[in-house]
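Quick note, the sequence shown lines up with residues 75 to 459 if you use the numbering used here.
Errors might be hidden in some of the hints.
Label-pair distances were calculated between CB atoms; the ranges are [stated by the list, open to error]:
{"hint": "1", "residue 1": "GLY352", "residue 2": "ALA158", "range": "33 to 39 angstroms"}
{"hint": "2", "residue 1": "GLN195", "residue 2": "GLY360", "range": "33 to 39 angstroms"}
{"hint": "3", "residue 1": "GLU248", "residue 2": "ARG189", "range": "32 to 38 angstroms"}
{"hint": "4", "residue 1": "GLY326", "residue 2": "GLY249", "range": "40 to 46 angstroms"}
{"hint": "5", "residue 1": "GLY232", "residue 2": "GLU440", "range": "37 to 43 angstroms"}
{"hint": "6", "residue 1": "GLN351", "residue 2": "PRO167", "range": "43 to 49 angstroms"}
{"hint": "7", "residue 1": "ARG196", "residue 2": "ASP363", "range": "24 to 30 angstroms"}
{"hint": "8", "residue 1": "PHE427", "residue 2": "TRP188", "range": "33 to 39 angstroms"}
{"hint": "9", "residue 1": "GLU405", "residue 2": "LEU184", "range": "37 to 43 angstroms"}
{"hint": "10", "residue 1": "GLU440", "residue 2": "GLU117", "range": "54 to 60 angstroms"}
Note that these hints are calculated values from the structure, not bench results.
Quick reminder that beta carbons are idealized off the backbone N, C-alpha and C, glycines included.
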Amino acid sequence: MAPPGSRAGARPPPSCAGAPASRCPCARSTPPWRASCMSALPEPPFAAALLMPAWLGDCALASALIPSVAALSGAPIQLWCRPAQRALFACDPDVGEVLAYDPRREHRGLAGLWRLRRAVQRSRLRPAALWILPDSLSSALAGAVSGVRLRIGYSGQGRTALLSRRLGPPPRREGHWLEERARLLAPFLPSGPPDLQPRLHLDPAAAARLAAKLAARELDAARCVVLVPGATYGPTKRWPGFAALGAALPAGLPLLVVGSAAERPLAAALATALAAQGRAALDLCGALDLGELAALLAQARCTVSGDTGPMHLAAAVGGRVLGLFLSTSPEWTAPRGPQARWLVADLACRPCFARACPLPVQRCGEAIAAQTVRAAIADWLGEAA
Numbered sequence: 075m076a077p078p079g080s081r082a083g084a085r086p087p088p089s090c091a092g093a094p095a096s097r098c099p100c101a102r103s104t105p106p107w108r109a110s111c112m113s114a115l116p117e118p119p120f121a122a123a124l125l126m127p128a129w130l131g132d133c134a135l136a137s138a139l140i141p142s143v144a145a146l147s148g149a150p151i152q153l154w155c156r157p158a159q160r161a162l163f164a165c166d167p168d169v170g171e172v173l174a175y176d177p178r179r180e181h182r183g184l185a186g187l188w189r190l191r192r193a194v195q196r197s198r199l200r201p202a203a204l205w206i207l208p209d210s211l212s213s214a215l216a217g218a219v220s221g222v223r224l225r226i227g228y229s230g231q232g233r234t235a236l237l238s239r240r241l242g243p244p245p246r247r248e249g250h251w252l253e254e255r256a257r258l259l260a261p262f263l264p265s266g267p268p269d270l271q272p273r274l275h276l277d278p279a280a281a282a283r284l285a286a287k288l289a290a291r292e293l294d295a296a297r298c299v300v301l302v303p304g305a306t307y308g309p310t311k312r313w314p315g316f317a318a319l320g321a322a323l324p325a326g327l328p329l330l331v332v333g334s335a336a337e338r339p340l341a342a343a344l345a346t347a348l349a350a351q352g353r354a355a356l357d358l359c360g361a362l363d364l365g366e367l368a369a370l371l372a373q374a375r376c377t378v379s380g381d382t383g384p385m386h387l388a389a390a391v392g393g394r395v396l397g398l399f400l401s402t403s404p405e406w407t408a409p410r411g412p413q414a415r416w417l418v419a420d421l422a423c424r425p426c427f428a429r430a431c432p433l434p435v436q437r438c439g440e441a442i443a444a445q446t447v448r449a450a451i452a453d454w455l456g457e458a459a
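Taking the hints into account, I'd like the entire structure generated from these sequences.
Laid out in structure tokens, this is it:
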């Protein structure tokens, strides 16, 4: 059987087969922007890097792969992630350096790519291998221009020539998203697939800032129920039952609404609907950075969310989280955590993965009742459903 990512009958030249990268003729003669042979990793310890996905939820899931990359390299790794996500990895012992990769601003266009190259070449770790988790052409181009010689990723979308070790084409919802990404590590792991448990390490400084913000309002995170009504992806991920759920929860548990600053109108509408039923909710949309949000989700009584970034963030920090899947599928993006649960809208038309419902009425939002959600978290509330 052909090895993963290769064509049947294809193999590296005899002079390269099985050779460490430091003695591979292709590694010495091939320019860094061209694909070289499928050479082995350098002998550990070596500097390795991991290019993380753009979406917060995918980034939280991908944290499960960090220990395996660090184990392969024999040293803490360099992490490339969006600027706002750097706070999530500040206290990770397997991360030795975080590089802010911003393809929409600082690293946009040819000039931006060369700025990225200079940043990588001047970085403390200077990686010899880069695992590229996103499937986009731009991410593979960034890796190629960076000067990292061994670049591992899925082929397709015009990026095949930009990778030096390629698998693919990428699977399309054939299993869990995290399992799809883990296949990029499989050829290098003699002991089989890695442990696929996302884990993020809380920043004590961020936890202290959160505690101060809540104390100013005489709140204790451990008693709060966190509601996440928004979804950047689109309205098909937004469950319309949060007001009914909030009204059904015990009166002694404070309600906190979290999200981005752009979701403040959604939070305001939820607060108004709750007020009409005699319940108050504190709007924290845009008021917390990612480190503070992670601390809140880890400490809260529980979190209820759609299939969103905060859902995966809560699972990755070990928080109690219930995910509500409307147009999407838990088979592909279920939260992975010791206290993660989910409910699914039982309809024939889902999962459609559409950003907006093509039907006159979005039925999947109504398919999960507020009382069903309350029953699913009853033990977390300390009461019978």
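Here's how the hints hold up against the structure:
Between GLY352 and ALA158 the beta carbons are some 36 angstroms apart, a value that agrees with the proposed interval 33 to 39 angstroms. A hinted range of 33 to 39 angstroms holds for the C-beta pair GLN195 and GLY360, which are about 36 angstroms apart. Between GLU248 and ARG189 the beta carbon distance is about 37 angstroms. The supplied range of 32 to 38 angstroms therefore holds. With their beta carbons about 42 angstroms apart, GLY326 and GLY249 fall inside the hinted range of 40 to 46 angstroms.
At roughly 42 angstroms, the beta carbons of GLY232 and GLU440 sit within the given window of 37 to 43 angstroms. Judged by the Cβ atoms, the range 43 to 49 angstroms given for GLN351 and PRO167 holds: they are separated by roughly 46 angstroms. The hinted range of 24 to 30 angstroms is satisfied by ARG196 and ASP363, whose Cβ atoms lie roughly 27 angstroms apart. Between PHE427 and TRP188 the C-beta distance comes to about 36 angstroms, which sits within the given range of 33 to 39 angstroms.
One distance hint, 37 to 43 angstroms for the beta-carbon pair GLU405 and LEU184, holds here, with the actual separation near 40 angstroms. Hint check: GLU440 to GLU117, Cβ distance near 58 angstroms, so the stated range 54 to 60 angstroms holds.
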